[in-house]
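Asks: Listed below are the residues making up each chain.
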Amino acid sequence: MLSTFLSHQRKAFWRSRNRGGSMATQILLGFFMLYFLAVALGVGFGMTVFLPKIFPNQDILRSFNGLILYYFTLDFMMRLQLQELPTLSIIPYLHLKVSKNKIINFLNIKALFSAFNIWPVFLFFPFIFIEIADIYGGFTTLMYIVSILSLTIFNNYLVLYIKRKSITNALYTVAGLLIIAAFAALEYFKVISLMKAADYVFKAVAEYPYIGFVFTLAAITIYILNSRFLLSNLYVEEMGSKKEKKVSTDYAFLNRFGKVGELAALELKLILRHKRSRSSLILGVLFLFYGFIFYKQPMIASDSFGKMMFAAIFMTGVSIIIYGQFMFAWQSGHFDGLLSNKINFKDFIKAKFLLFTIASTVMTLLSTFYGFLSPKLLLLHLVCYLYNIGFGTVIVLYLATLNYKRLDITKAASFNYQGTGATQWLLMFPYALTPILMYLPFGLLKMPYWGLAVIGIFGVIMLLLRSFWINLITAKFEKQRYKIAEGFRE
Amino acid sequence: MIIEVKNLKKVYGDKTVVNIDRIQIEKGETVGLVGNNGAGKTTFFRMLLDLIRPNEGEVLSKGENVMKNGNWKDYTASFLDEGFLIDYLTPEEYFIFIGSLHDLSVADVSAYLTQYNEFFNGEILNSGKYIRDFSKGNQVKVGIAAALMQKPEILILDEPFANLDPTTQIRLKNLLKAQAGNMTTFISSHDLNHVTDVCNRIILVEKGQVIKDFKTDENTLKELESYFSA
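Here the protein sequences line up with chains G and W, keeping their order.
Read left to right, the first sequence gives residues 1 to 490 (our numbering).
Read left to right, the second sequence gives residues 1 to 230 (our numbering).
Keep in mind that the hints were calculated from the coordinates and are not lab data.
Do not rely on the hints blindly, as some may be mistaken.
Claimed, not checked - One-sided excerpt, in silico: chain W residues whose CB lies under 7 angstroms from chain G: (1) 13; (2) 49; (3) 73; (4) 90; (5) 93; (6) 120; (7) 125; (8) 215.
We treat Cβ as the ideally placed atom computed from N, Cα and C, and that holds for glycine.
For reference, chain W alone in the conformation it holds in the complex:
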């Protein structure tokens, strides 16, 4: 068990945004978080990353409370939104900066980036632009590539498929599938097709609570579709 969420609760005013009794995630699982807008997905992710202080409960990463120390940052990479990008840097500068945090040299970083040429579709590197001048889809690509570059044990992505073009969506799915087993991935998505395709476990949330938590099989997509059309 690599992540354990215990009795996690976040309240804004009189509205409970997240209220989760217990989630346990094993090493190597690919977990999809599914739910409509306002289900509390992003708030939950922010608490996983210690960006929001929960009112109650705790998040344990490898048995340690994420609020207590930053050890989890050594093996956790994430991309929730553009707020994670340092948008006045060129992509190269950003990759080198993130790399330096994990003691990767400039050479390491450029070696790593060569394998992403296809993923970047030639639009990211040496473009002569700051990240803030990129389209949203390309910004997402930078964020995801920077997250993967950290060779994390835990990867957290919030709606990674949104804003990506179809080709990149498929490439990202392949990337994530290739990592399954040795990397624990936590993604949220509104696209039921993608999420059932990539994930081997789905957690369905509504109004901050876990409604269903199950392993995916061939019927999962139908089940989810019928749940959301009801």
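For reference, chain G alone in the conformation it holds in the complex:
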């Protein structure tokens, strides 16, 4: 029976409507996975070398043991946010002569197919084989492996259990991450040490290997709990998240823009009321920290704005890029309704501009904390902001008229690449390259501030030309609307 389920799953994938698209994205995802696995493997082997460097005054085993606990706590938080409940696919079987246990087994096994369950193997096993085996010998090594695998499975089913009981939301994850960060900080300032506690636990495993089975026991317990819960709650309507009472809202600040504001409010509701768009919003906020990776003191000191341009464009325009790449398709579910109602196409396009401008303004204001690194960055961000709202919006909306792929926004959010096509990936090139190329000659001539001025002026000119762009895009939209509507109906 299980193999029948799995074969149905396979068919569902191969016979899905947009197979070409989902194939391409699967391959792309596969590459991402391989990349991350390679990174994990690299870190796994590297640990023997750099653990002593990071924690110089500490026994290497102790550092390793400490890391395990941190990793699994982080893993838990990540899973809470990213791991999906395998539910919907079982609806067609519930009313058939298939025992509930079989369905539950299927759900449980399907849940194991997750990248989260492979990472620990790549991350921890090299160290275990190299160091632990060397010091403690075969049996302890085996128990370490059993412990790691048990913890992985424990996390896997614990997250599913929590999600099924729907006692989670994004806020908890953020809170959890903050708590971990707090612990890490306390660790750093040597107030209390979670590492010490973890080391205590794993040292016990090293000395009395049988203790490792405690983890296994915990994993089995949570597995059984999960299965029991499923058995008594195998109803489709109960497996989703809990329903709360929905209320009508009105965004007063948009009212001053008349019909355009009305349409913008409509879209704002769309963004806030769908998981997929909401998570891209959260992603956008996370990208605000992108600068900490990109901005380096030497770059700032030498005014190398060209090298920092990409990050700045991305942070101030993240909402335009991430939301805009699927433009119009967000509304594919009711696109016919929008076309046949009394909506002026020009207002429709104007509303998009309005929304983008507001979003980009907010992101730019939020990114001002980089001013503490250097006030120069504020100038860079201002210039990139002008470019984003002046010209970035135009690129995104023009390309949007060429996007005919339906987007099913009711489906889950993370790692969902449905509706992604070549246009989405191509978008980044003109968007990011235009300002960088504009800056390049000035950068080479060692006139960085002139370069910034040119981009800023370009942005302002484009902003002044906005009504021209609106007319151009509206005309294009009018021409393309049948094609778009047809694509969205599929």
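The hints should help you fit chain W onto chain G, whose structure is shown.
Replies: For chain W alone, coordinates are given in the frame of chain G:
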């Protein structure tokens, strides 16, 4: 004459889905479009609403081609399927949004909605749900009420009786009959009883072509039944 369809043709691949020489609809007529699945009813409606570009021919609304400008949207309301609903809104938000497109204030909209309490059977307003969480029948009710709220001169509904409960079917028939004469209504239906009851003109289509076009009388139902059982 309020709607005129001229030489309208839509081809997908090598299959002609709609091929209509001429249909003229007078102001105030209630026209029923009848035909089996695949007869091209929905495609035809979509072309009336400028949602699909015809390969040939044109649709004239008050003498203007619907593809050329959007003036027809001022006086035309429609509900073809759930794709016309903005399903992440509450019904109230949806009505207010549609109302705002026709310059109706929030007060106008709620005043209008009070007369639909019976039609909604207490399940639609203040339900604390988004439209997407409603049953199909209730979604149809929202769509039809929103269409009627626009006080249209032309109303286009695709299979409005499907998914509705018997009480609502009868209420909808009464609603449509009450409007006859001052509103031009174009509906499609698979239910021959309803369509002959409501409409004063029937257009029978098959494989995209108009087979019959006639005024209803007491024999119409029998005629249609014998046509479809043949």
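Asks: Hint by hint, say whether it matches the structure.
Replies: The hints, checked one at a time:
1. 13: Because about 14 angstroms separates residue 13 of chain W from the closest Cβ in chain G, which is outside the 7 angstroms limit, the hint is violated.
2. 49: holds, 5 angstroms
3. 73: holds, 4 angstroms
4. 90: holds, 5 angstroms
5. 93: Cβ of residue 93 of chain W sits 5 angstroms from chain G, so the hint holds.
6. 120: Violated - the Cβ of residue 120 of chain W stays beyond 7 angstroms from chain G, reaching only about 16 angstroms at its closest.
7. 125: violated, 10 angstroms
8. 215: Since chain G brings no Cβ nearer than about 29 angstroms to residue 215 of chain W, farther than 7 angstroms, the hint is violated.
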